[in-house]
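Chains as they are written, first to last, in our numbering: chain D, 1 to 224; chain B, 1001 to 1224.
Treat each hint with caution, since some may be false.
With a straight-line Cα cutoff of 25 Å, these simulated BS3-like cross-link-like pairs (lysine-lysine) come out [to be verified]:
| hint | chain 1 | residue 1 | chain 2 | residue 2 |
| --- | --- | --- | --- | --- |
| 1 | B | 1036 | B | 1111 |
| 2 | B | 1193 | D | 193 |
| 3 | B | 1106 | B | 1036 |
| 4 | B | 1193 | B | 1111 |
| 5 | D | 193 | D | 79 |
| 6 | D | 111 | B | 1193 |
| 7 | D | 167 | D | 106 |
| 8 | D | 83 | D | 106 |
| 9 | B | 1153 | B | 1167 |
| 10 | B | 1036 | B | 1193 |
| 11 | B | 1167 | D | 167 |
| 12 | D | 193 | B | 1111 |
These are computed hints drawn from the structure, not numbers from a lab.
Number of protein chains: 2
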Amino acid sequence: AGFTIFTRVVEICVLIVGMIWVFGYLGGVGFSPIYKGENTNDPSVIFNWHPLFMALAFPICMAEAVLAYRAPIATTADKPQRKTLHIALQSAALLFIILGLVTTIKSHTLKRPTPIPNFYSPHSYMGLFTSALAVIQYMFGFYAFAFPKLSQKDRAASVPIHAFLGKTVLVLGLATMTTGIQEKTTLVQTLMKPPGGMYSPYFVLPAVLELLLMVTGIAVLFHH
Amino acid sequence: AGFTIFTRVVEICVLIVGMIWVFGYLGGVGFSPIYKGENTNDPSVIFNWHPLFMALAFPICMAEAVLAYRAPIATTADKPQRKTLHIALQSAALLFIILGLVTTIKSHTLKRPTPIPNFYSPHSYMGLFTSALAVIQYMFGFYAFAFPKLSQKDRAASVPIHAFLGKTVLVLGLATMTTGIQEKTTLVQTLMKPPGGMYSPYFVLPAVLELLLMVTGIAVLFHH
Ligand code: HEM
Ligand code: HEM
Ligand code: HEM
Ligand code: HEM
Ligand SMILES: O=C1O[C@H]([C@@H](O)CO)C(O)=C1O
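The task is simple: from the sequences and hints, build the whole structure.
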């Protein structure tokens, strides 16, 4: 139980440090690009939803969903309640993944004078692969466990493969986050050249985030 | 067996694509910085050992070490032979990790006119965390299994924790590689501005590498 509390504290720390980075240093969020003059804008405030939504999706919702059968927040929940919690959290995770994808693509497309191309980075291909696996896993989950489609025997046989793929999607999501954080940090380093040098919060916050994400993954999967 | 062959093919592909990237596009390797004039140099040829050594360490040696008990290359090996193979491969992995760390630090320190600072990126902190865990795991492995220090009972009790931490170190190594590849790619994108635009081999090769690393991790751990 102590270890589960530790796990949740780390998850919350990811969100807090992520928010300090996004709101304190990357310019926060907004609903339309910042006007910078005739046909020129800065859509960062739209982009910045991307890391926030992804932080809600993987180290919060999906991590808790993967814990839902073993260490649910509602500790006294019975098996059907745990299942409901699992589905609710996975649905929330999928929603946040979609919102996270939409916001980065929007921010690229709205950029003026020239839109930023989509899907050029290693990070974006990791992200697409991970998102596709998450969608497959989600549909497979419904197919196998939510409708009376599969026999009890086939359900039982699906559990190990569903559990393996589920843990895989969580780990890939966390790994994709670390590459996105690295990409943003290197873009800030080379293009924005923030004051304070290499050991300013612009570099320390994302480094702390990477460490927290690694610990999140280890701590959640140590329950398994 | 077919799946194990697939796994090894993917591992080899990581090395091949990595070598095409390093030798074909990043300038290859060498033993001293390239002279660029009075007190000015380019130490990339020393840095470039870093990704090569890390590719040998994690998706080759450590991946094969983690397979050594279940699907050793020498398929007919008995248990003691598998153990010898496991230790040999983990020793090779650790050697390559150390060489990988030394070469990037060297390349930073030798840079002229101004040395590049060490340990400023999120990637480098992930790398230090992962390397430290690898060393701990290695020493713990020797302590628990190589000397007649622990009783048979304590050895057996150590196996699950050793196996969990071992799989963790492999995954963290692969994840650290993806952030390093992203960092290098973004540095190339912003500082070197290579010809051919966003869909040139400078961007496609590292994107392919990230996908291969994800598949490597999934394929190796699917044996477990
Ligand atoms: C929370 C930490 C994250 C940060 C800081 C981050 C950062 C970035 C950045 C800087 C870009 C724009 C440059 C580019 O196209 O590569 C981007 C794009 C993208 N990210 Fe992330 N990312 C994060 C998490 C994720 C996750 C978890 C996924 C998917 C599972 C993901 C999927 C994508 C995709 C598909 C794109 C390409 C969108 C486009 O090209 O329009 N990201 N991200
Ligand atoms: C992206 C979506 C999903 C992911 C990543 C995921 C992940 C997981 C993981 C890791 C487990 C193992 C939990 C444990 O052993 O404690 C699990 C179990 C389970 N999941 Fe999912 N899941 C997803 C979606 C779904 C959906 C949509 C459903 C049903 C509609 C579902 C139903 C189940 C059930 C019934 C189990 C428990 C099996 C058992 O132990 O009896 N999952 N899931
Ligand atoms: C194979 C793919 C890899 C690539 C392309 C890569 C790329 C880079 C780059 C560009 C740097 C210099 C900038 C910086 O300091 O962040 C660097 C440094 C570093 N890398 Fe990697 N890396 C890879 C794998 C790894 C792995 C697997 C580890 C450890 C497990 C690691 C650990 C480090 C450390 C500790 C530094 C900092 C060294 C210093 O500051 O002097 N790297 N890497
Ligand atoms: C970084 C270093 C190491 C890593 C990442 C690692 C990883 C692993 C993993 C993942 C397993 C589980 C294999 C399986 O279940 O098929 C394992 C098993 C084992 N490792 Fe290691 N290992 C490391 C170093 C060592 C060392 C140095 C020794 C001994 C000197 C050792 C001895 C063993 C033994 C005896 C087992 C088999 C336990 C059993 O199933 O009876 N390992 N290791
Ligand atoms: O639909 C389900 O399938 C599994 C299990 O019954 C398979 O054995 C489970 O926990 C469900 O809720």
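Residue 167 (chain D) paired with residue 106 (chain D) [C-alpha distance capped at 25 Å]: Distance ~30 Å between residue 167 (chain D) and residue 106 (chain D) Cα, so the pair is violated.
25 Å Cα cutoff - pair residue 1193 (chain B), residue 1111 (chain B): Within the cut-off at roughly 21 Å; holds.
Hinted pair residue 1153 (chain B) and residue 1167 (chain B), Cα distance within 25 Å: holds (22 Å)
Pair hint residue 111 (chain D) and residue 1193 (chain B), alpha-carbon separation not exceeding 25 Å: Holds - the C-alpha atoms of residue 1193 (chain B) and residue 111 (chain D) are around 20 Å apart, at most 25 Å.
Proposed proximity, residue 79 (chain D) with residue 193 (chain D) (alpha carbon, max 25 Å): violated (52 Å)
Restraint check for residue 1106 (chain B) with residue 1036 (chain B), where alpha carbons must lie at most 25 Å apart: Holds - the C-alpha atoms of residue 1036 (chain B) and residue 1106 (chain B) are around 18 Å apart, at most 25 Å.
Restraint check for residue 1193 (chain B) with residue 193 (chain D), where alpha carbons must lie at most 25 Å apart: holds (17 Å)
Hinted pair residue 1167 (chain B) and residue 167 (chain D), Cα distance within 25 Å: holds (13 Å)
25 Å limit on alpha-carbon distance, applied to hinted pair residue 1036 (chain B) and residue 1111 (chain B): It holds: about 11 Å lies between the C-alpha atoms, which stays within 25 Å.
Hinted pair residue 193 (chain D) and residue 1111 (chain B), Cα distance within 25 Å: holds (20 Å)
Distance restraint between residue 83 (chain D) and residue 106 (chain D), which requires alpha-carbon spacing of 25 Å or less: violated (34 Å)
Holds or violated: residue 1036 (chain B) to residue 1193 (chain B), with C-alpha atoms at most 25 Å apart: holds (20 Å)
Going through the hint list in order, the structure does not satisfy hints 5, 7 and 8.
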